[in-house]
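*Asks:* As a plain string of letters, each chain reads:
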Amino acid sequence: MFAATDRNRTNDRIQRRYRNVFLGMTLLLVLPVLIILGLLVVRGGPVLTAEFLFEFPKSGMTAGGIFPAFLGTIILVTMGLVFSVPLGIAAAIYLSEYAPDNWLTRSINLAIINLAGVPSIVHALFGVGAFVIFFGFGTSILAASLTLAIMALPVVIVATRESLQAVPHAFREACWAMGATRWQTIRRVVLPNSVSGILTGVILEVSRTAGETAPIMFTGAAFFVPFLPQTIFDKTMALSLHLFVISTQVPGVPEDFPYGVALLLIIIVLSMNALSIGFRTWLRGRKKW
Amino acid sequence: MRASLSTDRIDRAWIVDRIVQVLMFLGGISAVVFIVGIFVFITREALQFVFSRFDVVEFFTSIRWAPTSTNNATYGALALMVGTASVTGVAMLVAIPFSLGAAVYISEFATGRSRETLKVLVELLAAIPSVVWGFIGLTIVNGLIIDVFDVPIGLNVLNAGIILGLMAAPIMTTIAEDALKAVPDRYREAAEAMGATRWQMIRRVVLPAAKNGLVSAVLLGVGRGFGETMAVLMASGHSINLPTSPFDSVRALTATIAAELGETAVGSDHYGALFTLGLFLFLITFLINLTADVVVRGIRNS
Amino acid sequence: MNGSESILDVRDLSIAYGSKTVLSGVTLDVRENEILGIIGPAGAGKTSFLQAINRMDAFNASMKVTGTLNFLGRDVRAWRNAYALRRQIGVVFPLPVGLPLTVYDNVAFAPRLAGKRSRAELDEIVERCLRRAALWDEVKDRLDSLGSLLSGGQQQRLTIARALSQDPVLLMLDEFSIAVDPVTTMRIEDVLKELRQEMTIILVTNLVQQARRLADRTAFFLDGRMVELGSTESLFNGETLFPETRDYIEGRFG
Numbered sequence: 001m002f003a004a005t006d007r008n009r010t011n012d013r014i015q016r017r018y019r020n021v022f023l024g025m026t027l028l029l030v031l032p033v034l035i036i037l038g039l040l041v042v043r044g045g046p047v048l049t050a051e052f053l054f055e056f057p058k059s060g061m062t063a064g065g066i067f068p069a070f071l072g073t074i075i076l077v078t079m080g081l082v083f084s085v086p087l088g089i090a091a092a093i094y095l096s097e098y099a100p101d102n103w104l105t106r107s108i109n110l111a112i113i114n115l116a117g118v119p120s121i122v123h124a125l126f127g128v129g130a131f132v133i134f135f136g137f138g139t140s141i142l143a144a145s146l147t148l149a150i151m152a153l154p155v156v157i158v159a160t161r162e163s164l165q166a167v168p169h170a171f172r173e174a175c176w177a178m179g180a181t182r183w184q185t186i187r188r189v190v191l192p193n194s195v196s197g198i199l200t201g202v203i204l205e206v207s208r209t210a211g212e213t214a215p216i217m218f219t220g221a222a223f224f225v226p227f228l229p230q231t232i233f234d235k236t237m238a239l240s241l242h243l244f245v246i247s248t249q250v251p252g253v254p255e256d257f258p259y260g261v262a263l264l265l266i267i268i269v270l271s272m273n274a275l276s277i278g279f280r281t282w283l284r285g286r287k288k289w
Numbered sequence: 290m291r292a293s294l295s296t297d298r299i300d301r302a303w304i305v306d307r308i309v310q311v312l313m314f315l316g317g318i319s320a321v322v323f324i325v326g327i328f329v330f331i332t333r334e335a336l337q338f339v340f341s342r343f344d345v346v347e348f349f350t351s352i353r354w355a356p357t358s359t360n361n362a363t364y365g366a367l368a369l370m371v372g373t374a375s376v377t378g379v380a381m382l383v384a385i386p387f388s389l390g391a392a393v394y395i396s397e398f399a400t401g402r403s404r405e406t407l408k409v410l411v412e413l414l415a416a417i418p419s420v421v422w423g424f425i426g427l428t429i430v431n432g433l434i435i436d437v438f439d440v441p442i443g444l445n446v447l448n449a450g451i452i453l454g455l456m457a458a459p460i461m462t463t464i465a466e467d468a469l470k471a472v473p474d475r476y477r478e479a480a481e482a483m484g485a486t487r488w489q490m491i492r493r494v495v496l497p498a499a500k501n502g503l504v505s506a507v508l509l510g511v512g513r514g515f516g517e518t519m520a521v522l523m524a525s526g527h528s529i530n531l532p533t534s535p536f537d538s539v540r541a542l543t544a545t546i547a548a549e550l551g552e553t554a555v556g557s558d559h560y561g562a563l564f565t566l567g568l569f570l571f572l573i574t575f576l577i578n579l580t581a582d583v584v585v586r587g588i589r590n591s
Numbered sequence: 592m593n594g595s596e597s598i599l600d601v602r603d604l605s606i607a608y609g610s611k612t613v614l615s616g617v618t619l620d621v622r623e624n625e626i627l628g629i630i631g632p633a634g635a636g637k638t639s640f641l642q643a644i645n646r647m648d649a650f651n652a653s654m655k656v657t658g659t660l661n662f663l664g665r666d667v668r669a670w671r672n673a674y675a676l677r678r679q680i681g682v683v684f685p686l687p688v689g690l691p692l693t694v695y696d697n698v699a700f701a702p703r704l705a706g707k708r709s710r711a712e713l714d715e716i717v718e719r720c721l722r723r724a725a726l727w728d729e730v731k732d733r734l735d736s737l738g739s740l741l742s743g744g745q746q747q748r749l750t751i752a753r754a755l756s757q758d759p760v761l762l763m764l765d766e767f768s769i770a771v772d773p774v775t776t777m778r779i780e781d782v783l784k785e786l787r788q789e790m791t792i793i794l795v796t797n798l799v800q801q802a803r804r805l806a807d808r809t810a811f812f813l814d815g816r817m818v819e820l821g822s823t824e825s826l827f828n829g830e831t832l833f834p835e836t837r838d839y840i841e842g843r844f845g
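These protein sequences, in sequence, are chains A, B and C.
Residue numbers 1 to 289, in the numbering used here, belong to the letters of the first sequence in order.
Residue numbers 290 to 591, in the numbering used here, belong to the letters of the second sequence in order.
Residue numbers 592 to 845, in the numbering used here, belong to the letters of the third sequence in order.
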């Protein structure tokens, strides 16, 4: 009797010890990053003034602001969305609603996995070989955003497919039984009930593409452009590349400048992610069936 | 009886459905087109170099990567491969214990709100862009390594490994946690009914059952570390070296392409050599992803 | 009242999923304005039989149908537009399926597919079908709430209203009472008694007594074949030649 409780107590202690070990590992993973983020806020925060955001760089990027880079990132991300969202949604609809279980479907799935896993610098090489040289777009916003779009395609496909498949199969069967075609079923019942999930994926894509550097650095983003782009065949600056440039390539940049750019990038990316997480939580709480 | 056979004709809805099906199919097939396109266009640019100048033995055994040398250009990628491997190796030493530990904690110990919070935090960590990680390596980790280990330069294998480890860990945690969550609760209940403690249950039942998922988490982490570009470029010191200690600077395959592509003339040997490196990277990551996929498929079938 | 003209003529029907045959050699006819009951234990092939009639095999690559199913004089697989075929046939499922659309849009779904756009016409159809399905009084004040959030019994009547909105030649019900309360079941049975004046009904049921109450003729399916088909009266009066039928009707298995 006593022996038993003793053993229980020892067990409890061992239990707690293991629990704490694993908690410690989790915190060790999370805490350094939080400390680093804190540091970025402390050093980069004061840099992020309205002038910094909306002025052109001056004196060889050692003074002034980052407006062309800021705007360039927005343009690249938006155009990337324009290319990848329709294509990604179509691919997801095909995979979820039409695709039979055959070798071709398996190849498509494998291609998506690989598209997501190919190193970003390889995407950059593809962008150079295909868009810049073969299609003759030159190093341009067009070539860079196409490269970004292909790189981000798996994000849209996977998120969209997941939210389409979350719509119960019984709804489809009920529509089909009434004589609706597959497309009528998709348009009237499946898509309206997955549009918020798709939006979550799109926001995630924004956060992914906003910080990408390698895929755009040889396809359309430039170290320094003294004017704003006029057409999609112009080059542009971008925040991510700007951070790389002013922290490694240009002497004499005020020490806190790159902290400000890094912080701005993190703010963009994290707020997009937080938005998509919040959206998802809201969705989960809203019962439609 | 209503004369209903007359409705049996091809109508607008039928035609629209067919057209849409074709459009959606084109969307689906685009992923295959792109992956083939990546292979074709990179090969296309690498081809001339491969046939004129490429030497397999030199590529895999020489550590001399000197493409800009005017009279004796050499294209030995061994040092770059070792650089990538060493950085990825250190990254895995950092990432595997912490990400698997975190996955076990989140899946098996944490409950309710703290679990959700941790998952959200991990997800946010995964979102930090690689160029920001590179900057962190360049400044914060660099300073730390110089102070702690009293070495002259903190941009080395250790730095890039730590950065890469922190970058890969969130994804690995997420996948590993998915794998643990996929273990049916009845296994846990059975183990508990037999009087196993929580830790015994995890070690004897949950971890073995989730083995394949954990392996594929590690594989994807390796793939991520292998293909990472900007962070490694900025944190590794970017000098050609066969490292003998974690404090040596190295240069990675990806970083070499990123650093040199801008300075080469289209069609030159150097340009072709960089695309050849890219082709090599593409094939390796293709293999890693394929393996991870097969391993995951193994779970589903069992 | 029962016309003798057959609207569905099934000859030597067999259904398989991959290599597994679930129904074989079924030959029967469904006559205009009758209620044909189909009884039999789970796994007898009743649901697959209904799915073959409205060509749901088109959405399931592993489902293989052989034999002939003449509907209105043409084999269902010879119909060029299977969607137009399905518009003639209303289906009610075992589990209620209120679509995640408003109650109004649920019932207006099929008429809209058929090209009806006028608000007045749709209003009329929605009200008429909901009334016929004995649901109007409960939902008339909340036609714009989600059909998928109604109670189970209400959703099942909504499904019936939806089937009626197709103005079907044939109405097929698949164990409609399996997930609804007895009161709803009785109300739906009353609805069906009225509907037989206007359409032909195939009633697959897990309740032997339901077939007895409603069906003009009853077929007994067992283990992937049709054991027999006869008038409901004769079947339940013990005039059957097959001991399995008697045993099933008397509740010895199933």
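Treat each hint with caution, since some may be false.
Pairs of lysine-lysine residues, derived as DSS-like cross-links and limited to a Cα-Cα distance of at most 25 Å, are as follows [stated by the list, open to error]: (1) B:470 x B:408; (2) C:611 x C:655; (3) A:287 x C:731; (4) B:470 x A:287; (5) A:58 x A:288; (6) A:287 x B:408; (7) B:500 x B:470; (8) C:731 x C:784; (9) C:611 x A:288; (10) B:408 x B:500; (11) C:731 x C:707.
Since the hints were made in silico from the structure, they are not lab data.
*Asks:* Each of the hints needs a verdict: does it hold here or not?
*Replies:* Okay, the hints, checked on the actual structure:
no. : hint          : verdict
1   : B:470 x B:408 : holds (13 Å)
2   : C:611 x C:655 : holds (10 Å)
3   : A:287 x C:731 : holds (22 Å)
4   : B:470 x A:287 : holds (24 Å)
5   : A:58 x A:288  : violated (55 Å)
6   : A:287 x B:408 : holds (23 Å)
7   : B:500 x B:470 : holds (12 Å)
8   : C:731 x C:784 : holds (24 Å)
9   : C:611 x A:288 : violated (37 Å)
10  : B:408 x B:500 : holds (21 Å)
11  : C:731 x C:707 : holds (21 Å)
Hints 5, 9 from the earlier list are contradicted by this structure; the remaining hints agree with it.
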